[in-house]
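Q: With chain A held as given, fit chain B onto it using these hints.
Chains as they are written, first to last, in numbering that gives the first Met the number 0: chain A, 0 to 268; chain B, 0 to 259.
Calculated from the structure, these hints are not laboratory results. Any given hint could be a false lead.
Here are the computed lysine-lysine pairs in the DSS-like style, where the Cα-Cα straight-line distance is at most 27 Å [what the hints assert, rightly or not]:
id : chain 1 : residue 1 : chain 2 : residue 2
1  : A       : 82        : A       : 167
2  : A       : 167       : B       : 95
3  : A       : 23        : A       : 167
4  : B       : 254       : B       : 171
5  : B       : 171       : B       : 209
6  : B       : 254       : A       : 82
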Amino acid sequence: MLATTAFVITVILMVDQIIKLFRKSEVSYEVEQVLFLLGGLLLLLDFGYRSYLLRFPAVTNTYEALVIFAAAVLLLLYLLSRKVPSHREAGQQPEPHTYILFVGTVVVFLLLALASSPLIPDDLVPPVPALQSHWLVMHVLLSFAGEAFFVIAFASALVFLFSSQEEKRRQADRITYLSVTVGYFLFTVGALVFGMIWAEQAWGSYWSWDPKETWALVTWLTYTLYLHLRFIRGARGNLTALVAVIGFILTMFTFLGVNYLMSGLHSYV
Amino acid sequence: MLRSLYAFFSSMKLAIVLIVYLIGLMVVVGIWGPGALSPDALSPRAAEFSSSELGGSVSGSDAGRISIFGSLILVVFPVMLFALNLGVCAVSRIVKRIKAGSYFRRVGWLLTGPDLVHLSILLFLLGGLLSHYGRVDGEVSLQPGEVVALNSVYMIRLEDFQIEYYESGQTKQYISSIQVLRRSSEEQQSEIIDQADITVNNPYSLGRLKIYQRSFSTTGELASGLQAVYDPGYPAIMAGIVFFLIGLCFILAHKIRTHA
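Only chain A is shown next, with the shape it has when bound in the complex (with noise of 0.2 Å):
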């Protein structure tokens, strides 16, 4: 019920956002402030009463996963939103912040939309023993922390690419790098790190090559090369905001497509 809601908050913020991006006429933007905290407040109550309900934190399964994603998303499009202008004059361009917080809200969309549909079941599944772990808890939580950061490098990077204009393509790279730096950091310390060691302490080996472990791997060095790409002079542009929309269908492959396409230690999420 809870995450329902937060859906059609989802749904009424992109629709409303849709329109605004054409009006001519002054636009605000407070409205989808409260609508962006109110989202992922309500999924955040979910997460809270799943846990209460399993006595254990609720990220052990791909509906509870998209669950937390989708939180972490809408609680950061609510501060980047709390960073931009409220108001648009008439007459004015959307500034790229309105086009950044429109694609992370349609992400959003898509991961409650796959949570809402009968793919992916909700219920409530006490964790087996393997996932009965405060490793486990810290890296599914900062995975998707660094995960909703990436989501946020994604849209600026795509502002980036379609933008003509040189403002805009600046202010859109500034997004991006900040975003995937912070990102990194989480998922670098979420994924690998605390992966790494919640899969010590299940199977006795730091690295096993399942192939979410590969996929994540692979995440990571795709990231590590957009980092490494801005120390070289005339690699910044075009090339870097690629890399960084490669990083985020990397990320999401190894979220939801290793689980479908492959089988491994991961199988739950």
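A: Positioned in the frame of chain A, the structure of chain B alone reads:
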């Protein structure tokens, strides 16, 4: 000649080429690699009882690793080049910053972040190498009351093995209660030096040896599958993890300071 070699190995362009190569390699591993272990760490399996010393046997995942790291012009050479590039880059940067006095300015030590991260990756590679060549693991299926030798000094006796269930009937936990015994000089005598419960995610450590709850068997009497692991790569990997975390925090703190 030396100068141009140094320039080559410390070049960012080489780093980028190698990262792109590693991405390609990992994509190949991700698609065609061994992967696919059992999704449940504790699926029932046939008892493979052995009362001999644990060790020497190679598990399924190890076999997979050998097939990846065994065939390896495509992996060993680029990884060595990558390690060299990381090392030379780090040394080059440290030398430059010492000469410029950057480390000695206010919070200049935050600049060591990238060096620590690069050093940690070298430690991961070292740990992986030691692990690949030195790791010994073995699995044994024990019924309550049975004893198995871990090495020439220590033995473990399975006192009890329980499976806990949720109300729904789903498995909650596998619990092996063990006694650790030390052989004494007299024949047939041994002393109990420790007692512990081993559960999934809660292995037992005996020096550098770790014992994991690995599987169970319901064929005949209930039996617990315990795995003993000795991995010489663990210290390097643990050190790598510590450096990695510190390095990342330094990088982030430095970025926040420069951004502010």
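Q: None of the hints should be skipped; say for each whether it holds.
A: Okay, the hints, checked on the actual structure:
| no. | hint | verdict |
| --- | --- | --- |
| 1 | A:82 <-> A:167 | holds (16 Å) |
| 2 | A:167 <-> B:95 | violated (36 Å) |
| 3 | A:23 <-> A:167 | holds (19 Å) |
| 4 | B:254 <-> B:171 | violated (44 Å) |
| 5 | B:171 <-> B:209 | holds (22 Å) |
| 6 | B:254 <-> A:82 | holds (19 Å) |
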